[in-house]
Amino acid sequence: MVPLSWYLIVAAGLFCLGLYGVLSRKNMVAILMSVELMLNAININLIAFWRYQDPARIVGQAFAIMVFAVSAAEVAVGLALVISLYRRRKIVIAENVDLMKW
Amino acid sequence: MTPVQVLFIISSLALLGLGFMVVTTRNLVRAALYLIGTLFSVAVVFVLLEASFLAVVQVVVYIGAIAILFIFAVMLTRRVMQDTGSQTNSNWPWAALVALLLFGGLTYILTSWSGSSAEAPALSSQSDMVTELGKALVNPDAYILPFEVASILLLAALIGAVVVAWDRD
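Residue numbers (the working numbering), protein chains in the order written: chain G, 1 to 102; chain U, 1001 to 1169.
No lab work stands behind these hints, which were simulated from the structure alone.
A few of these clues could be false.
Here chain U is said to cover these stretches of chain G; the calculated rule only asks that three of the stretch's residues, wherever they fall, bring their Cβ under 8 Å from a Cβ of chain U [as the list claims (entries may be wrong)]:
id, region
1, 5-18
2, 32-41
3, 44-50
4, 71-82
Far from chain U, some chain G residues (derived; all Cβ distances over 12 Å) [to be verified]:
id, residue
5, M1
6, D54
7, K101
In this text, a Cβ means the ideal position worked out from N, Cα and C, and glycines have one as well.
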């Protein structure tokens, strides 16, 4: 049997990779990809705790499904913003987005 | 080492390796393909955790919808960002430091936590679990409110994405 800590450490590693990507990447699409990695790490944590603490209560799986829905919504709106910015200003680099700065 | 442990080690090494490639590759189309590999490894981890329904949802929603959306977005915005230049901003050493410190701290906490070596309790039966999940999602005493809120959020995001990406001129 795999101990719970192995799952949690792998999820922590995936989360930190996503964090590095979010902080260091220039391209907005790449930043959104890194956010997806972080959300997947959270899902692994939720399912691991559901499996190891109390599988009879379904709360971990239900919450993971909410995370799926939220991440799908986030990607749809984020990529729509990227495509809109690209179409109007030819921007895909996050640092260059300063339309709301004054 | 049991076969489950070997499978877990293989899938988690693939997960972390492919995840590392996602955040470091210069070519974004390749990064999207590595992302698909990472998501598939996460599905394998779900199977190892005996969450079969979520593994299927992971493949259908993440790989079937979200990864394809990423590939479309990369191809639509490709021309501005050439794949040759630097893909990281000037803060990347700090970002790596923060990520490494966080990982080190989390690993230290998790290895010193006593509950982390807990054994998994036995599962009743797999098909039963999916039925339970489906019932819980539409049960007024359980998660119908979050479920409906998530549906409205998805609808709002759908309309919002269409409005934001609409080409008015």
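Verification of the supplied hints:
1. 5-18: Held - the region 5-18 of chain G has 13 residues with a Cβ nearer than 8 Å to chain U, which meets the minimum of three.
2. 32-41: That given contact holds, which follows from 6 residues of the region 32-41 of chain G lying within Cβ reach (below 8 Å) of chain U.
3. 44-50: holds (count 4)
4. 71-82: Check passed, 11 qualifying residues.
5. M1: About 6 Å separates M1 of chain G from the closest Cβ of chain U, which leaves it inside 12 Å; violated.
6. D54: It is violated; D54 of chain G is separated from chain U by about 8 Å at its closest Cβ, not greater than 12 Å.
7. K101: holds (17 Å)
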